[in-house]
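Below, each chain spelled out in residue letters.
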Amino acid sequence: MKTNLKNLRRFSTFLFALACLSLPPAQAQKVDRTKPPELGTPPSLTLPQIQKATLSNGIRVVVMEKHGVPLVQMNLMLRAGAALEPQDKIGLASLTAAMLKEGAGDKSSLELADAIDYLGASIGTTADNQSLWAFLHTPLSKFDEAFALFSDIVLKPTFPANELERLRKERLTSLVQMHDQPTTVAAVAASKLVFGEKHAYGRGTMGNEKTIRGLTIEDVKGFYNQYYHAANAVFVVVGDVKTADVVAKLEKTFGSWRKGEPATLKIPAADQVKGRTVYLIDKPNAPQSVIRISRVGADRLTKDYFPIAVMNTILGGSFSSRLNNNLREVHGYTYGAGSSFDMRLAPGSFTASSSVQTAVTDKAMTEFFSELHRISEKVSDQELNRAKNYLALGYPGDFETASQIAGQLGEMLYYGLPDEYFNSYIKNVLAVTKEDVQRVAKKYVDPENIAVVVVGDQKTIQKGLEGLKLGKMKTMKIEDVLGKMPVL
Amino acid sequence: MKRLFLIPLLCLSLASAQDLRINVPYTQFTLPNGLNVILHADRTTPRVSVNTWFLVGSGNEKPGRTGFAHLFEHLMFMGSKNVPTGKFDEWLEAAGADNNGSTNSDRTNYFEDLPSNAMELALFLDSDRMGYLVEAMSPKAVDAQRDVVKNERRQSYENRPYGMASLVIDENLYPASHPYHWPTIGSMADLSAASFEDVVQFFRTYYAPNNASLSIAGDIDIEKTRALIEKWFADVPRGKPVPLIDAPPAYLSEEKRLAFEDRVQLPRLYMAWLTPALFKPGDAELDIVSNILTAGKNSRLYKRLVYEMQIAQDVSAYQESQKQISAFQIMATARGGHTLSEIEKVIQEEIYKLKNEPPSQREVQRAVNQYEASFINRLERIGSFGGKADQLNSYYAATGNPDYFNEDLARYRNIDPRDVTAFVRTYLREDGRVVLSIVPNGKKELAAPGTFISVEGK
Numbered sequence: 098m099k100t101n102l103k104n105l106r107r108f109s110t111f112l113f114a115l116a117c118l119s120l121p122p123a124q125a126q127k128v129d130r131t132k133p134p135e136l137g138t139p140p141s142l143t144l145p146q147i148q149k150a151t152l153s154n155g156i157r158v159v160v161m162e163k164h165g166v167p168l169v170q171m172n173l174m175l176r177a178g179a180a181l182e183p184q185d186k187i188g189l190a191s192l193t194a195a196m197l198k199e200g201a202g203d204k205s206s207l208e209l210a211d212a213i214d215y216l217g218a219s220i221g222t223t224a225d226n227q228s229l230w231a232f233l234h235t236p237l238s239k240f241d242e243a244f245a246l247f248s249d250i251v252l253k254p255t256f257p258a259n260e261l262e263r264l265r266k267e268r269l270t271s272l273v274q275m276h277d278q279p280t281t282v283a284a285v286a287a288s289k290l291v292f293g294e295k296h297a298y299g300r301g302t303m304g305n306e307k308t309i310r311g312l313t314i315e316d317v318k319g320f321y322n323q324y325y326h327a328a329n330a331v332f333v334v335v336g337d338v339k340t341a342d343v344v345a346k347l348e349k350t351f352g353s354w355r356k357g358e359p360a361t362l363k364i365p366a367a368d369q370v371k372g373r374t375v376y377l378i379d380k381p382n383a384p385q386s387v388i389r390i391s392r393v394g395a396d397r398l399t400k401d402y403f404p405i406a407v408m409n410t411i412l413g414g415s416f417s418s419r420l421n422n423n424l425r426e427v428h429g430y431t432y433g434a435g436s437s438f439d440m441r442l443a444p445g446s447f448t449a450s451s452s453v454q455t456a457v458t459d460k461a462m463t464e465f466f467s468e469l470h471r472i473s474e475k476v477s478d479q480e481l482n483r484a485k486n487y488l489a490l491g492y493p494g495d496f497e498t499a500s501q502i503a504g505q506l507g508e509m510l511y512y513g514l515p516d517e518y519f520n521s522y523i524k525n526v527l528a529v530t531k532e533d534v535q536r537v538a539k540k541y542v543d544p545e546n547i548a549v550v551v552v553g554d555q556k557t558i559q560k561g562l563e564g565l566k567l568g569k570m571k572t573m574k575i576e577d578v579l580g581k582m583p584v585l
Numbered sequence: 004m005k006r007l008f009l010i011p012l013l014c015l016s017l018a019s020a021q022d023l024r025i026n027v028p029y030t031q032f033t034l035p036n037g038l039n040v041i042l043h044a045d046r047t048t049p050r051v052s053v054n055t056w057f058l059v060g061s062g063n064e065k066p067g068r069t070g071f072a073h074l075f076e077h078l079m080f081m082g083s084k085n086v087p088t089g090k091f092d093e094w095l096e097a098a099g100a101d102n103n104g105s106t107n108s109d110r111t112n113y114f115e116d117l118p119s120n121a122m123e124l125a126l127f128l129d130s131d132r133m134g135y136l137v138e139a140m141s142p143k144a145v146d147a148q149r150d151v152v153k154n155e156r157r158q159s160y161e162n163r164p165y166g167m168a169s170l171v172i173d174e175n176l177y178p179a180s181h182p183y184h185w186p187t188i189g190s191m192a193d194l195s196a197a198s199f200e201d202v203v204q205f206f207r208t209y210y211a212p213n214n215a216s217l218s219i220a221g222d223i224d225i226e227k228t229r230a231l232i233e234k235w236f237a238d239v240p241r242g243k244p245v246p247l248i249d250a251p252p253a254y255l256s257e258e259k260r261l262a263f264e265d266r267v268q269l270p271r272l273y274m275a276w277l278t279p280a281l282f283k284p285g286d287a288e289l290d291i292v293s294n295i296l297t298a299g300k301n302s303r304l305y306k307r308l309v310y311e312m313q314i315a316q317d318v319s320a321y322q323e324s325q326k327q328i329s330a331f332q333i334m335a336t337a338r339g340g341h342t343l344s345e346i347e348k349v350i351q352e353e354i355y356k357l358k359n360e361p362p363s364q365r366e367v368q369r370a371v372n373q374y375e376a377s378f379i380n381r382l383e384r385i386g387s388f389g390g391k392a393d394q395l396n397s398y399y400a401a402t403g404n405p406d407y408f409n410e411d412l413a414r415y416r417n418i419d420p421r422d423v424t425a426f427v428r429t430y431l432r433e434d435g436r437v438v439l440s441i442v443p444n445g446k447k448e449l450a451a452p453g454t455f456i457s458v459e460g461k
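These protein sequences, in sequence, are chains A and B. Heads up, the first sequence is in my numbering, so the first residue is 98 and it goes up one at a time. Heads up, the second sequence is in my numbering, so the first residue is 4 and it goes up one at a time.
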């Protein structure tokens with residue numbers, strides 16, 4: 098309260114001064130509104146130093162000291178992702194990750210949750226295709242206690258069988274609920290159709306009814322024993338910490354973790370989509386159609402990374418991008434339209450997507466394809482510069498919070514990006530030319546070889562879509578995409 | 004890198020958790036045209052957030068013109084006298100900035116997050132649309148955004164499972180003449196009816212500097228920023244005093260039991276009550292109640308419904324704190340083979356328990372500790388929705404004090420478990436609430452007892 102009172106007093110004195118100074122009235126000093134103000138030189142982002150250490154069993158640790166707000170973000174990345182699971186055990190990596198929190202050390206599932214919540218900390222464990230991600234986010238004042246819980250969760254999970262049964266029910270019910278969500282149906286369909294149901298990126302990470310029903314506690318223990326060890330682990334810590342303290346803490350707890358053999362994660366590049374097929378998935382009476390146009394894109398380490406980033410910003414990666422401007426601002430067909438590249442170890446997807454009003458589904462599709470063609474034909478200097486500046490000048494905004502920075506450092510480590518990566522990012526973006534943009538547009542956004550997924554009211558939209566003659570049309574039901582609804 | 008941390012951003016003392024004090028130092032002044040300004044320096048990242056609140060929301064609308072405040076928010080990005088259509092976003096993107104806006108019943112907020120060298124661009128754009136929006140407005144622009152907003156309604160409500168729930172609940176929770184009775188997104192018919200003249204009138208009535216607050220947080224020099232604000236905003240004309248909302252009292256003296264069918268696989272139950280307004284006695288206590296009931300595996304409802312009995316897929320509760328009056332809501336989704344009557348019985352039992360016996364000290368402390376941690380987390384970001392610039396404006400609008408962090412946190416710390424019980428008794432009554440079932444098409448038998456209604460747009 099004291100501080101506030103002081104502020105208030107300062108404020109009223111100032112008001113008085115202002116009242117005196119502001120005569121004659123403000124109109125006297127007209128400001129020039131005929132053009133935007135000249136802006137000074139953009140500031141450069143200076144990050145705290147990236148500190149590196151290696152624990153005695155070889156675990157690499159990266160720390161960035163970020164003082165100011167008293168909290169800590171710690172991320173463990175482990176090569177224990179879904180790409181490692183056999184075809185008949187889809188969902189095992191993510192189930193193993195979830196089971197970590199269902200009992201560890203001397204604590205039951207409920208006791209663990211109570212202890213974490215009581216600290217005001219959060220601990221998460223999830224698996225994607227490539228990794229297990231375990232994170233700890235905690236007030237600095239609770240770091241020691243929270244770290245002890247985090248360590249038990251990773252190092253001493255107890256895997257109680259009854260908790261697995263609980264999670265099994267929860268996951269089967271999630272499968273049921275997916276049938277309600279048109280955007281989820283469209284995303285699952287597009288992944289399966291572009292990558293194939295056997296590819297790591299096509300089959301998903303949650304599992305289907307059959308695999309979820311089949312997974313056992315032995316599977317979980319087996320997966321844990323096979324992949325959860327030092328040779329697969331990397332730590333990133335960002336926050337109000339001292340590097341030496343954190344490394345000592347990690348050494349004490351994780352330094353003696355079994356070393357093991359590094360997992361080899363081989364994700365083959367999927368075959369490119371050939372030709373163009375429209376997959377119309379019926380969602381009777383839906384007021385909007387979810388459109389997802391997708392093909393195989395590029396991997397994270399592609400030499401085309403920066404040209405692709407700029408090209409996609411122009412096409413559908415920003416508010417004033419062509420797709421959003423055309424479908425939303427010019428035509429009012431949608432609340433938003435965009436495009437993205439999912440870049441991973443192997444080439445992920447390129448996707449252009451939107452939810453459009455049912456009655457204009459065919460017209461919206463025409464605009465989509467017009468933009469997908471146009472991006473490799475012509476790009477103006479103005480668009481190019483705007484996109485480059487948006488990415489380059491906006492880059493420091495990705496380094497505001499501890500968890501954002503930890504994510505950036507994690508990506509750097511995971512893909513073995515060079516130390517100067519952050520510092521050279523802006524230079525690399527600004528080096529992209531018009532020719533680069535057109536080259537990567539031709540290479541990655543080929544609208545003749547692409548899968549077109551539409552989830553919407555078939556009886557209203559089928560005729561219009563057929564009239565566009567985009568290619569062969571396959572009509573499907575939601576069950577054809579997600580499988581029969583599990584009965585519990 | 005050292006440069007970044009030379010300036011103490013926050014004065015935080017952490018001798019023990021109980022001593023945690025949060026100060027977000029600020030400078031405040033008012034321009035002669037009535038614009039309130041709040042400035043806060045934080046040089047962690049070379050970015051600035053320019054955040055503006057207008058004290059107008061869907062609560063200021065009239066029946067027949069619902070959704071207008073939000074439609075107007077969209078028009079604020081369509082250009083103004085000196086900013087041609089499309090340039091607002093293009094110029095900001097070319098400077099490396101992001102921007103957005105949002106509307107609720109009580110206020111409309113806007114932000115631009117920019118590299119610090121580009122702050123003046125935001126001041127130019129914001130002052131131009133605050134002072135000279137209608138000069139550039141055309142019926143065509145209104146029509147374009149009308150279609151966009153209708154699609155927002157389709158995407159966020161009509162084509163979303165259970166998406167119509169909040170609309171039905173608000174319609175039944177608040178009396179017809181109350182400003183929270185209608186949804187911020189508006190009805191399709193009202194959106195169609197909104198005219199260009201409405202836009203001009205709305206702008207003249209509410210979008211004046213004397214009804215706004217500008218909060219800037221980030222890598223700024225206070226004196227230079229003040230000078231730039233005076234440069235750009237001094238010529239924005241003051242508006243007439245803004246008419247206050249004359250909200251009739253809202254109370255429910257009956258239990259309204261309703262149900263409708265939807266394109267969903269699982270039935271879901273909602274319970275909603277009218278509760279004390281933001282920062283009024285009981286508001287923080289009901290936040291704690293929501294935590295005790297549904298936050299984490301050990302919360303009472305989660306533990307019984309989801310963890311032990313396993314008859315629900317999820318359960319959540321929250322106190323939606325608002326300016327005039329708040330709403331407390333509990334929501335649970337039944338698993339396959341279970342009815343909403345089974346779910347309701349358990350929820351009711353747990354409410355009774357809270358009415359009859361104070362929660363344990365540990366339960367309350369666990370909740371308070373989580374709130375305390377969230378206050379620390381809220382200090383990391385300057386921009387976007389919920390960043391420091393937005394929080395300073397939010398506290399200022401509600402209390403007149405931008406740096407209300409400690410007072411807010413103290414509300415939670417000072418809670419006695421017996422207060423929790425007292426407020427649950429007073430507000431979570433069986434004879435004053437809305438109970439809504441949403442069930443899969445053709446499965447009326449899964450609903451809790453209630454009258455089936457038809458819902459337009461589902």
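It is worth saying that the hints were derived from the structure and are not from the lab. Honestly, I wouldn't trust all of these hints.
[To be verified] Calculated cross-link-like contacts (lysine-lysine; reagent style DSBU-like; alpha-carbon spacing at most 30 angstroms):
{"id": "1", "chain 1": "B", "residue 1": "348", "chain 2": "A", "residue 2": "266"}
{"id": "2", "chain 1": "A", "residue 1": "204", "chain 2": "A", "residue 2": "127"}
{"id": "3", "chain 1": "B", "residue 1": "446", "chain 2": "A", "residue 2": "581"}
{"id": "4", "chain 1": "B", "residue 1": "90", "chain 2": "A", "residue 2": "524"}
{"id": "5", "chain 1": "B", "residue 1": "348", "chain 2": "A", "residue 2": "127"}
{"id": "6", "chain 1": "B", "residue 1": "84", "chain 2": "A", "residue 2": "266"}
{"id": "7", "chain 1": "A", "residue 1": "253", "chain 2": "B", "residue 2": "306"}
[Claimed, not checked] Reference excerpt, derived from the structure (chain B facing chain A, CB under 8 angstroms, subset only):
{"id": "8", "residue": "97"}
{"id": "9", "residue": "99"}
{"id": "10", "residue": "120"}
{"id": "11", "residue": "372"}
{"id": "12", "residue": "425"}
[What the hints assert, rightly or not] Label pairs and their computed distance ranges (CB to CB):
{"id": "13", "chain 1": "A", "residue 1": "311", "chain 2": "B", "residue 2": "355", "range": "41 to 47 angstroms"}
{"id": "14", "chain 1": "B", "residue 1": "196", "chain 2": "A", "residue 2": "371", "range": "27 to 33 angstroms"}
{"id": "15", "chain 1": "A", "residue 1": "258", "chain 2": "B", "residue 2": "444", "range": "35 to 41 angstroms"}
{"id": "16", "chain 1": "B", "residue 1": "195", "chain 2": "A", "residue 2": "563", "range": "27 to 33 angstroms"}
{"id": "17", "chain 1": "B", "residue 1": "435", "chain 2": "A", "residue 2": "565", "range": "42 to 48 angstroms"}
{"id": "18", "chain 1": "B", "residue 1": "433", "chain 2": "A", "residue 2": "565", "range": "39 to 45 angstroms"}
{"id": "19", "chain 1": "A", "residue 1": "319", "chain 2": "B", "residue 2": "356", "range": "26 to 32 angstroms"}
{"id": "20", "chain 1": "A", "residue 1": "532", "chain 2": "B", "residue 2": "192", "range": "50 to 56 angstroms"}
{"id": "21", "chain 1": "B", "residue 1": "435", "chain 2": "A", "residue 2": "339", "range": "53 to 59 angstroms"}
Virtual Cβ for every residue (Gly too), placed ideally from N, Cα, C.
> Given a hinted range of 42 to 48 angstroms, is it respected by the beta-carbon distance of residue 435 of chain B and residue 565 of chain A?
Replying inline: With Cβ atoms ~55 angstroms apart, the hint is violated.
>> Between the alpha carbons of residue 446 of chain B and residue 581 of chain A, is the straight-line distance 30 angstroms or under?
In response: 19 angstroms, holds
> Taken at face value, is the distance from the CA of residue 127 of chain A to the CA of residue 204 of chain A at most 30 angstroms?
Replying inline: Violated: residue 204 of chain A and residue 127 of chain A sit about 69 angstroms apart, past 30 angstroms.
> Okay, residue 258 of chain A versus residue 444 of chain B on CB: inside 35 to 41 angstroms?
Replying inline: 37 angstroms, holds
>> Hinted pair, alpha-carbon criterion (30 angstroms max): residue 90 of chain B, residue 524 of chain A. Please report holds or violated.
In response: At roughly 26 angstroms apart (the allowed maximum being 30 angstroms), residue 524 of chain A and residue 90 of chain B satisfy the hint.
> Should the interface hint for residue 372 of chain B be scored as holding, given a Cβ-Cβ cut-off of 8 angstroms against chain A?
Replying inline: 4 angstroms, holds
> Holds or violated: residue 425 of chain B as interface residue toward chain A, Cβ cutoff 8 angstroms?
Replying inline: Violated, because the Cβ-Cβ distance from residue 425 of chain B to chain A comes to roughly 24 angstroms (cut-off 8 angstroms).
>> The hint says 27 to 33 angstroms between residue 196 of chain B and residue 371 of chain A; measuring C-beta to C-beta, is that right?
In response: Distance hint for residue 196 of chain B, residue 371 of chain A is violated at roughly 50 angstroms.
> When the nearest CB of chain A is found for residue 99 of chain B, is that gap smaller than 8 angstroms?
Replying inline: Holds. Min distance 2 angstroms.
> Between residue 319 of chain A and residue 356 of chain B, is the Cβ distance one that fits in 26 to 32 angstroms?
Replying inline: Violated, at about 43 angstroms.
>> residue 84 of chain B and residue 266 of chain A were given as a pair; does the straight-line alpha-carbon distance stay at or below 30 angstroms?
In response: Violated. Residue 84 of chain B to residue 266 of chain A sits at ~58 angstroms, over the 30 angstroms cutoff.
>> A range of 39 to 45 angstroms was offered for this pair. Does it hold for the Cβ distance of residue 433 of chain B and residue 565 of chain A?
In response: 57 angstroms, violated
In the structure shown, a violation is registered for the earlier hints numbered 2, 5, 6, 12, 14, 17, 18, 19, in ascending order.
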